[in-house]
Amino acid sequence: MKTLILGLLAVLLTTNQCYSQNSSTKITELSIYNLPSKWTTQNGKDIELKDLKGDVLVMVMIYTSCKAACPRLVADMRSIEEQLPQDAKSKVKLVLVSIDPETDTPKRLKEFSVENKMEGKQWVFLRSSEKNTREFAAVLAVNYKKISPIDFSHSNIISVFNVEGELVHQQEGLDVNNEETVKKIVETASKVKTP
Amino acid sequence: MSIAVSVAQNDKEMAYIKGGAFAPFYGNIDKSKVKVSDFLIDKYSITNEQFLEFVKTYPKYRKTIMKGIFAEKNYLYYWINDTSYGEYNDKSPVTNVSWFAAKNYCECIGKRLPQMDEWEYVAMADEKTPDARQKIEFNKYILSWYEKPKSYLNTVGSTFKNYYGVYDMHGLIWEWTSDFNSIFLSGESRKDKDTDKLLFCGSGSVNASDLMDYAAFMRYAFRGSLKANYTTRNLGFRCAKDTVLIKSENNKLNSK
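The listed protein sequences correspond, in order, to chains F and B.
To convert, take the position in the first sequence, counting from 1, and add 711; that gives our numbering.
To convert, take the position in the second sequence, counting from 1, and add 530; that gives our numbering.
Please keep in mind that the hints were generated in silico from the structure rather than gathered at the bench.
Simulated restraints, written as ranges between beta carbons of each label pair:
1) K757/B - K904/F: 27 to 33 Å
2) T814/F - G616/B: 47 to 53 Å
3) Q797/F - A751/B: 46 to 52 Å
4) E898/F - I595/B: 31 to 37 Å
5) E822/F - Y744/B: 44 to 50 Å
6) E891/F - K621/B: 46 to 52 Å
7) K565/B - S776/F: 19 to 25 Å
8) E759/F - K678/B: 43 to 49 Å
9) K842/F - P589/B: 21 to 27 Å
10) K904/F - G687/B: 54 to 60 Å
11) I666/B - E898/F: 55 to 61 Å
So these bits of chain B aren't anywhere near chain F, every CB distance computed over 10 Å:
12) S614
13) N669
14) E677
15) K680
16) Y744
17) R763
Derived lysine-lysine pairs resembling BS3-like cross-links, with alpha carbons at most 27 Å apart:
18) K757/B - K680/B
19) K603/B - K737/F
20) K641/B - K749/F
21) K603/B - K761/F
22) K857/F - K771/B
23) K691/B - K771/B
24) K778/F - K563/B
25) K573/B - K680/B
26) K842/F - K586/B
Where is the CB? At the ideal position from N, CA and C, for every residue including glycine.
Construct the complete structure from the given sequences, taking the supplied hints into account.
Here it is as C-alpha cells:
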C-alpha cells in the first residue's frame, strides 16, 4: 500500500516538464508558450498560456487586495487599453496575473474585473498554483514576496509579448509615461496577420 | 506519520531538518522570526555525474537543446557536448545551470528546490551548533571562501559537515532556491540603480536584522541579481523535499 501511494505520488509530482522527448516544435526559443503551467481565468476556464497564442499580450502581475501600487498598475493597464486604436485593440489581450492565488479565486477575479470595469473580452485575469506563479514571475523578471498575511512586495512591471509569446517590451515603475509601451503594442499588433 | 519517517529513512542522501523559527538576515519587515517546517534536504549539491544522468533521460535539458527562455547561452558551457563534461570531475557540483534546469531536475525526481528560508535555516549551522551566526570564526570562514577562486572545481563533501549532517552549505558553490526572486535590495534592480520606491509595491527597503552579517548579505545580494535563465560557473543547486508529503499533496488535491 505504502509503495502504491508513493508510486502514485511520483506520478502526480511528475509535471509535464519531465517528458523524455522534446515535443513543442512550433514554439520558438524565447516564447513564454514553452511554459506548461495551467491557469484559471476569471470565468473559471482552465487554460494553458499557449491558448493565448495569436494575440499580442500585455501582462502585469498584481493581487486584488493590494491597496498601494496595484490600483495604479491597474489604472495604467486601463490607460494603455484606452489609447489603443480600434484595429490594434482586436489583436491585443490585456492579462492580469495574480500573485496571491489563495485570495484571488476566479470568483474574486471576476468581481475585481467588474469593479474595475475590465469586462470586455480583451481582459484576461489568471491564477494558478503558487509554484506556477513563482515560475511565471521568474520568466517576467518580476520579484515578489509575501510580507504579511495580506500584503506583498512586488515589482511593478508591464510586459508586452508578440504573437509568438516573445517578450518585446517592458515598462518598469509606477506613473511612468506609457507612451512608448502603447507605441510598441501598436507596432507589434500591426504585424499580426488577420485571419 | 509512519510514511513521512520511511521517506526520510529511505533516502540516505537527504538529511532530516527539524523545523523551527529564526530571524533571517533579510526579508521580514518587522524583524520577526519566520517559521520553517520540518523538511528534508540533500546532503550534497547535485554533481556533474548526476546531472548527466538527468540530461540523458530528458534530452530537452541538454545544452544544445535547452530553450533560450529557460537558460541563456552559457548553460553548461564547460561541458564539451550534450552528454559529456570531459575531464571535469564526476563528483564536482554541476554549475552553469539555470533556475529552470535546477527546478525541473528536482521535480523530475519527486523533489523540489529548497525555499530561501529553508536554505538559510540549514546554512546557519556550523559543525556543532544549529545557529552559529554569532560566531566570529564561522563568519570568517564564510567570508574567506568568498575570496577563494574556483572552489566549484572541488568535489562535493569537501567542506565541512554541519550540525544536520549537510555538507558544503558554505565553501563550495552558491545555490539556487525556489523563491530566489523574492528579494528586494537596494541596487538589485536590473537597471542597477538605487531602489526606486515606485518600482515596488509595499516596502522595498533593506531590513538587515543583523548588519554585521555581511556574509549573509552577500548571498541575498547575489540572489537579488539573478534572473531565472542566468547561469554562472559558481552557481549550482541541491534539492529538498517535504516530510509530510502525503498530507500536503492530499490537501492540494482536495482544494482543487
